[in-house]
Amino acid sequence: MKRSLFRRLAPFLRPYLGALSLLFLLVLASNLLSLAAPLLSGWAVDAVGVHTGGVDFPGVFRNVLGMLACYGLSALLQYLVSARLIRVGQGISRDLRRAAFARMSQLPVEYFDTHPAGDLISRICYDVDTVNATLSTDLLQLVTSVLTVAGSLVMLLALSPRLSCVFLVTVPLSMALTSFQMKRLHPLFRRRSGALGALNGFAEERVDRQRAIRTYGVEAADLRQFEEKNDEASQAYYRADWASASLGPSVRFINDASLAAISMFGAMLYLGGALTLGSLSSFVLYSRKFSGPIREAANLLGELQSSAAAAERILDLLDTAEEPGDRPGALPAKKLRGEISFDHVTFGYDPAQPVLRDFTAHIPAGSLTAVVGATGAGKTTLVSLLLRFYCPQSGAITIDDVPVEDYRRDELRRRMALVLQETWLFGGTIAENIAYGTPGATREQIVAAAKAARIHRFITALPQGYDTVLTDGGDGISKGQRQLLAIARCLLSDADIVILDEATSNVDTETERAISEALEQLRRGRTCFVIAHRLATIQNADRILVLADGTLAEEGRHEDLLSAGGVYAGLYDAQWTRDT
Amino acid sequence: MRTVMGYLLPYRVRVACGVALKFLAAVLELELPLLLAYIIDVCVPSGDRGAIARAGLAMMALAFGGAFCNITGNRMAAWVSMEVTRRLRRDLYQKTESLSCAQLDGFSVSSLVSRLTNDTYHVHQMFDKVQRGGIRAPMLVLGGLILTFWISPPLALVQLAVCALTFFTIFAVTRRGIPRYTAAQTAVDDVVRILRENAAGVRVVKAMACQDRERERFAAANEAARRAEEDAGCVMAAANPLTGFFLNTGLVLVILVGAFRVNDGVMDAGQIVGFLSYFALIQNATLGIAKVFVMVSKGAASAHRIEAVLTAPEDQRPQEGGPAAPWELGMENASFSYLGVEKDLDGASFTLRKGETLGILGPTGSGKTTLVSLLLRLYDADGGIVWVGGRDVKSRERRELGGRFGVVFQHEALLNDSVYENISFLRGLSREAVIAAAKTAQAWEFIQTLPRGLDTQVDIRGANLSGGQRQRLLIARALAAKPGILVLDSADSALDYRTAAELRRALRRDFPGVTLVIISERVASLQDADRILVLEEGRITHQGPHETLLRDCPRYRDIARLQMGGARL
Numbered sequence: 001m002k003r004s005l006f007r008r009l010a011p012f013l014r015p016y017l018g019a020l021s022l023l024f025l026l027v028l029a030s031n032l033l034s035l036a037a038p039l040l041s042g043w044a045v046d047a048v049g050v051h052t053g054g055v056d057f058p059g060v061f062r063n064v065l066g067m068l069a070c071y072g073l074s075a076l077l078q079y080l081v082s083a084r085l086i087r088v089g090q091g092i093s094r095d096l097r098r099a100a101f102a103r104m105s106q107l108p109v110e111y112f113d114t115h116p117a118g119d120l121i122s123r124i125c126y127d128v129d130t131v132n133a134t135l136s137t138d139l140l141q142l143v144t145s146v147l148t149v150a151g152s153l154v155m156l157l158a159l160s161p162r163l164s165c166v167f168l169v170t171v172p173l174s175m176a177l178t179s180f181q182m183k184r185l186h187p188l189f190r191r192r193s194g195a196l197g198a199l200n201g202f203a204e205e206r207v208d209r210q211r212a213i214r215t216y217g218v219e220a221a222d223l224r225q226f227e228e229k230n231d232e233a234s235q236a237y238y239r240a241d242w243a244s245a246s247l248g249p250s251v252r253f254i255n256d257a258s259l260a261a262i263s264m265f266g267a268m269l270y271l272g273g274a275l276t277l278g279s280l281s282s283f284v285l286y287s288r289k290f291s292g293p294i295r296e297a298a299n300l301l302g303e304l305q306s307s308a309a310a311a312e313r314i315l316d317l318l319d320t321a322e323e324p325g326d327r328p329g330a331l332p333a334k335k336l337r338g339e340i341s342f343d344h345v346t347f348g349y350d351p352a353q354p355v356l357r358d359f360t361a362h363i364p365a366g367s368l369t370a371v372v373g374a375t376g377a378g379k380t381t382l383v384s385l386l387l388r389f390y391c392p393q394s395g396a397i398t399i400d401d402v403p404v405e406d407y408r409r410d411e412l413r414r415r416m417a418l419v420l421q422e423t424w425l426f427g428g429t430i431a432e433n434i435a436y437g438t439p440g441a442t443r444e445q446i447v448a449a450a451k452a453a454r455i456h457r458f459i460t461a462l463p464q465g466y467d468t469v470l471t472d473g474g475d476g477i478s479k480g481q482r483q484l485l486a487i488a489r490c491l492l493s494d495a496d497i498v499i500l501d502e503a504t505s506n507v508d509t510e511t512e513r514a515i516s517e518a519l520e521q522l523r524r525g526r527t528c529f530v531i532a533h534r535l536a537t538i539q540n541a542d543r544i545l546v547l548a549d550g551t552l553a554e555e556g557r558h559e560d561l562l563s564a565g566g567v568y569a570g571l572y573d574a575q576w577t578r579d580t
Numbered sequence: 001m002r003t004v005m006g007y008l009l010p011y012r013v014r015v016a017c018g019v020a021l022k023f024l025a026a027v028l029e030l031e032l033p034l035l036l037a038y039i040i041d042v043c044v045p046s047g048d049r050g051a052i053a054r055a056g057l058a059m060m061a062l063a064f065g066g067a068f069c070n071i072t073g074n075r076m077a078a079w080v081s082m083e084v085t086r087r088l089r090r091d092l093y094q095k096t097e098s099l100s101c102a103q104l105d106g107f108s109v110s111s112l113v114s115r116l117t118n119d120t121y122h123v124h125q126m127f128d129k130v131q132r133g134g135i136r137a138p139m140l141v142l143g144g145l146i147l148t149f150w151i152s153p154p155l156a157l158v159q160l161a162v163c164a165l166t167f168f169t170i171f172a173v174t175r176r177g178i179p180r181y182t183a184a185q186t187a188v189d190d191v192v193r194i195l196r197e198n199a200a201g202v203r204v205v206k207a208m209a210c211q212d213r214e215r216e217r218f219a220a221a222n223e224a225a226r227r228a229e230e231d232a233g234c235v236m237a238a239a240n241p242l243t244g245f246f247l248n249t250g251l252v253l254v255i256l257v258g259a260f261r262v263n264d265g266v267m268d269a270g271q272i273v274g275f276l277s278y279f280a281l282i283q284n285a286t287l288g289i290a291k292v293f294v295m296v297s298k299g300a301a302s303a304h305r306i307e308a309v310l311t312a313p314e315d316q317r318p319q320e321g322g323p324a325a326p327w328e329l330g331m332e333n334a335s336f337s338y339l340g341v342e343k344d345l346d347g348a349s350f351t352l353r354k355g356e357t358l359g360i361l362g363p364t365g366s367g368k369t370t371l372v373s374l375l376l377r378l379y380d381a382d383g384g385i386v387w388v389g390g391r392d393v394k395s396r397e398r399r400e401l402g403g404r405f406g407v408v409f410q411h412e413a414l415l416n417d418s419v420y421e422n423i424s425f426l427r428g429l430s431r432e433a434v435i436a437a438a439k440t441a442q443a444w445e446f447i448q449t450l451p452r453g454l455d456t457q458v459d460i461r462g463a464n465l466s467g468g469q470r471q472r473l474l475i476a477r478a479l480a481a482k483p484g485i486l487v488l489d490s491a492d493s494a495l496d497y498r499t500a501a502e503l504r505r506a507l508r509r510d511f512p513g514v515t516l517v518i519i520s521e522r523v524a525s526l527q528d529a530d531r532i533l534v535l536e537e538g539r540i541t542h543q544g545p546h547e548t549l550l551r552d553c554p555r556y557r558d559i560a561r562l563q564m565g566g567a568r569l
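Protein chains in written order, with my numbering: chain F, 1 to 580; chain A, 1 to 569.
Take the hints with a grain of salt, since some may be wrong.
What the hints assert, rightly or not - Here are a few chain A residues that sit away from chain F, every Cβ distance over 10 Å (derived from the structure):
1) Gly6
2) Glu320
3) Cys553
As the list claims (entries may be wrong) - If we take Cβ atoms under 10 Å as the criterion, some of the chain A residues that face chain F in the derived model are:
4) Ala102
5) Val113
6) Val188
7) Gly365
Don't read these hints as lab results, they were simulated from the structure. In this text, a Cβ means the ideal position worked out from N, Cα and C, and glycines have one as well.
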């Protein structure tokens, strides 16, 4: 793991440092106990002796009981350590996920327009999981291995410093080899995580488009594209696997070679009289004890690599720039009159392609203002700017004569209620969905809002009524009904400004008539900003803004615009012209 | 498990080679201690330095051979696992594509995605780990057991009993662990769901300034996931210490039984020492088997989920249908219910000849989209007959229907791909055909103003386009392959009246003979249809051309009057 990565992870490890150091002591104790047991078994075997009928049974029993105690205690400690470590690992994962989600909720909307949900999910769930596996199991093994190696090394040095020189060659060699391989593996594992993320993103998108895919009978082409991504991910996986396959065995080889060297030199030393046979056999035994953990550790390094790649992806998400915060001294937005003005606003998602050009308009407080215009004229963009999803490249938008940037962003947004083209529902009950944005709403208030939005009858017809849980984002609910729910949501909130973005386009005409009655109620004391295509519904608007090519082409009341015979009149006539 | 295991079959030779290599590597490595013993027991007492050097070099050679075999074996295992998973994932995707819509609803989209990603990943891990470690460990246990029986059958029986107890423990712990892992998976699914909802609803969440509430909602699911995973982990954490303790108790028993047998003069103390060293070998190998066992049970759970999809019966096979009829589109008493509770479409009957236009009008939830879904054979009618091109749709392959229709669905989202690919939609159409379709769909004008024209990348869910632009791209997609039947389900909802009117004009000009089905809330879009169906609660209440409906259907008359301002009926 790169140091910088470790330093970036450190804030998440810090709260658990106390628990981790305690665990370290427990691991130490458990290892000492398991090292002591073989000693006792040796004494027990000594107590058995070599003579028939001459077994020292009290001695055997004493040592055997000691062994049982050692093993029992060691097992207990081992359990405590792993259980505790799982708790720590899970705690860290939870903190990571929480931090990642907190960051995600502060990201600007364009992040979600350009990053597939599948990739975000892949980072917050699967990558955190990978890091967790390392924290809760691999790390323990690594510590145990290091302890065993250190213990054995001490014994080896005590037995024969000269013979230990062999390790002066082999241990640095293993380390160099591993660090070289790690460096080589790192990009491969990063590519592997990336390719799997891309595959997940693709699968997310396409499984959701199955209806269109089968309607056009393009399964084969779709499958080919999937295969491409699948092959890419499989290849990346294999390349990382192929490269890491040599990690364990090559370290093991160095280790085994050092065993061979020790056997040879040890035997020579013995023949030269520099070593006793007993010491040689102990030395060999300990150096074999040495090799197991080293082997384990080398195998773990592969896992650590994939963990490092995963951790990087999470930390990168955490480092993504969030929406600009409130400027210092931002004004509270408690209660607004709702006077909105756009002053020479120019904006384009891509600055080179302005959607709005020098747009100026004034919306008096408490008015019903409608925006009409051909598709793509910039109507929805006006709403995005008003909500501060984006900032205009030039010009200013003010509410109650204060630039929108000077308000506290979240408070400002809370003063506006909106119904968008696509209604968003979440996996909760219908009542919770309606009360979204109005915490603490009573059931009576919810029902009243649903009645006003003419969705009450639909809801009560469901088996669980208002407590019906919507699954899969309310998949079973038609677009029109979804919009009625959004309208109920909007009716319930105490917002000062109501924004309806093509809100009536998917509700049938009868429902639309009912809604316009409800909206009449909602309008009282609020500024109402409507984007609609059914000109019939906005005939009674106080003011109609006609957008064309990103600028205000006309404005006025319905009758005035009609008699002016401009863009609006053209749009209006189009709705009942028989095409023949 | 059998279906998934079947994927290994074509690679049996490679698997066998890989396993043989791992086997060879183990044998070579086991030779090392033997040579070591040879140096200490034979060469050293005889003082033969040449023999020592030769044995040492032989050890090096063996170590090198072992490393070589292991690396090659690992790589073969990695290749086979990769190849098997790749094919499995491909077949799973292909199967997903062939599921009927009813089956898709049954599995649910998110669950299918998780099977394609998460579960195939677990299976990959299982194949890899089993090939790499699954042979060595059992081999060592078996070999060790045989050798110990050779040394002392009674002691070996002690060992056998301990091994049995160990496996029983592993089994018992895993059996408690697996349901907890499943519960943990469900808890994680909730976390994923909230993530997905937040990615999709970012504008609403932000507009309502509900980030704090979302964070709370996420925190609750996150905490539940942590608790469930911790619960599962703590149960499984008992496996290693318990089995270790049992195995060590076996060691104690061996010494104890050995002591009595030495006392009775039926065995040597030296044999106990030899026995103990084998015991340690078996102990380690048993723990290795336990690890593989856990891996296999996790992988098996995933394999089951994958198999449930792979072995799903093929729905909607062509069957003998009703009599042929001269209708391009039609229904006779067709009924359908999504959930089997309430009829979403109830006894629909209508007919339409080639080149005619059908309009459908009705309130939200009245069965308009259901009717279209039956025509496309996305679902099969529960009763009655549905005709397409003069034949009962049940007698047709679904694929066969695919090429006939161009459809704009109500809920459709664009692909995160180029504008061209969104119109061509995987059909590899020529740029000319795509441009022509875009022109008819009134989309060409705005496409030209995009920074890279047809090659402009469309953001996820078409976020960089306006609602009306998205809708026109979908219409262009429906037109691009010049279908015989065109279905526009609320395709004009985001279009202004003028664009909608121009679209209708262009359709008539460029697609003179097309059979058209228009679902719309706008009377203006429907008034020229040869036949208009008025739907209410799943039933067709009235049908006929505009003028007839104006006269006979009060509801239609009301709607028309409302929309047209009552001015010029």
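Okay, the hints, checked on the actual structure:
Distance check for glycine 6 of chain A against chain F: the nearest CB is about 19 Å away, which clears 10 Å, and the non-interface claim stands. Distance check on glutamate 320 of chain A: its Cβ is at least 23 Å (rounded) from any Cβ of chain F, clearing the 10 Å threshold; non-interface status holds. Distance to chain F confirms cysteine 553 of chain A as a non-interface residue, since its nearest Cβ pair spans about 13 Å, more than 10 Å. Interface hint at alanine 102 of chain A: violated, since its Cβ lies 12 Å from the closest Cβ of chain F, which is beyond the 10 Å cut-off.
Hint status for valine 113 of chain A: holds, given a least beta-carbon distance of 5 Å to chain F, under 10 Å. Hint on valine 188 of chain A holds. Least Cβ distance to chain F is approximately 6 Å, under the 10 Å limit. The interface hint given for glycine 365 of chain A is met, as the beta carbon of that residue sits about 5 Å from the closest beta carbon of chain F, less than 10 Å.
In summary, the structure is inconsistent with hint 4 from the numbered list given earlier, while agreeing with all the others.
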